[in-house]
Amino acid sequence: DAGVTQSPTHLIKTRGQHVTLRCSPISGHKSVSWYQQVLGQGPQFIFQYYEKEERGRGNFPDRFSARQFPNYSSELNVNALLLGDSALYLCASSLIRVDNSPLHFGNGTRLTVT
Amino acid sequence: LAKTTQPISMDSYEGQEVNITCSHNNIATNDYITWYQQFPSQGPRFIIQGYKTKVTNEVASLFIPADRKSSTLSLPRVSLSDTAVYYCLVGDVSNTGKLIFGQGTTLQVKP
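Chains as they are written, first to last, in this note's numbering: chain A, 1 to 114; chain B, 1001 to 1111.
Hints listed in this document are in silico derivations from the structure and should not be mistaken for laboratory results. Every value quoted in this text rests on a predicted model; they were computed, and no experiment measured them. Glycine residues also receive a C-beta, built at the ideal position from the N, C-alpha and C atoms. Do not rely on the hints blindly, as some may be mistaken.
[Unchecked claim] Calculated cross-link-like contacts (lysine-lysine; reagent style DSS-like; alpha-carbon spacing at most 27 Å):
id	chain 1	residue 1	chain 2	residue 2
1	B	Lys1054	B	Lys1069
2	B	Lys1069	A	Lys30
3	B	Lys1098	A	Lys52
[To be verified] Negatives, chain A to chain B, calculated, CB over 12 Å:
id	residue
4	Val4
5	Lys13
6	Arg15
7	Thr20
8	Gln41
9	Phe45
10	Lys52
11	Arg67
12	Ser73
13	Gly84
14	Pro102
15	Leu103
16	His104
17	Phe105
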């Protein structure tokens, strides 16, 4: 079975631009979470979506938004990019409403903002 | 969500057993303890999860004392390929999907 897939794997953008990152969860997983990982630090939670609804949001500005589609795939959008948005963006999927099922992460999208 | 404290780094040699301890004094009744492994430029990979006592799978063991205020990840006979960052997390992931990662423990396995 395929794991969590993310696209693109690498991306270079200029300050002020907009970016869309995509994620396909493991088949059967209905929850998708997004994390930002800056070099040298642990991942930081951005959003969780389940059944197309936002179920959790981390401490990120409104420039960050996301959505989940009927097939449970998800997009993360970041507007007005800043240099500080350069990071590895990780998507994770999980079964929800199952007793503490662990998150399964993709290998991320490396975003570089110049 | 409970905050965790773990050593920033550890060194070991191939073939040795490695124990990484994590403190989580404010763990809640519904919280599980989960460990992830991360290699450079990859997403974290689930290793093991437990609630109390001892859990063992094909790659690791997790020891949790009765008060659940700490936990120890045990990696038997490590190899060079076990060099990675190991994260200890506590929380009820099924609730919001939000996990709080600390800085993790960077394990360096030497030949």
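Hint check results:
no.	hint	verdict
1	Lys1054/B x Lys1069/B	14 Å, holds
2	Lys1069/B x Lys30/A	32 Å, violated
3	Lys1098/B x Lys52/A	16 Å, holds
4	Val4	7 Å, violated
5	Lys13	19 Å, holds
6	Arg15	24 Å, holds
7	Thr20	19 Å, holds
8	Gln41	6 Å, violated
9	Phe45	5 Å, violated
10	Lys52	14 Å, holds
11	Arg67	15 Å, holds
12	Ser73	16 Å, holds
13	Gly84	18 Å, holds
14	Pro102	4 Å, violated
15	Leu103	6 Å, violated
16	His104	7 Å, violated
17	Phe105	3 Å, violated
Consistency note: the structure conflicts with the earlier hints numbered 2, 4, 8, 9, 14, 15, 16, 17.
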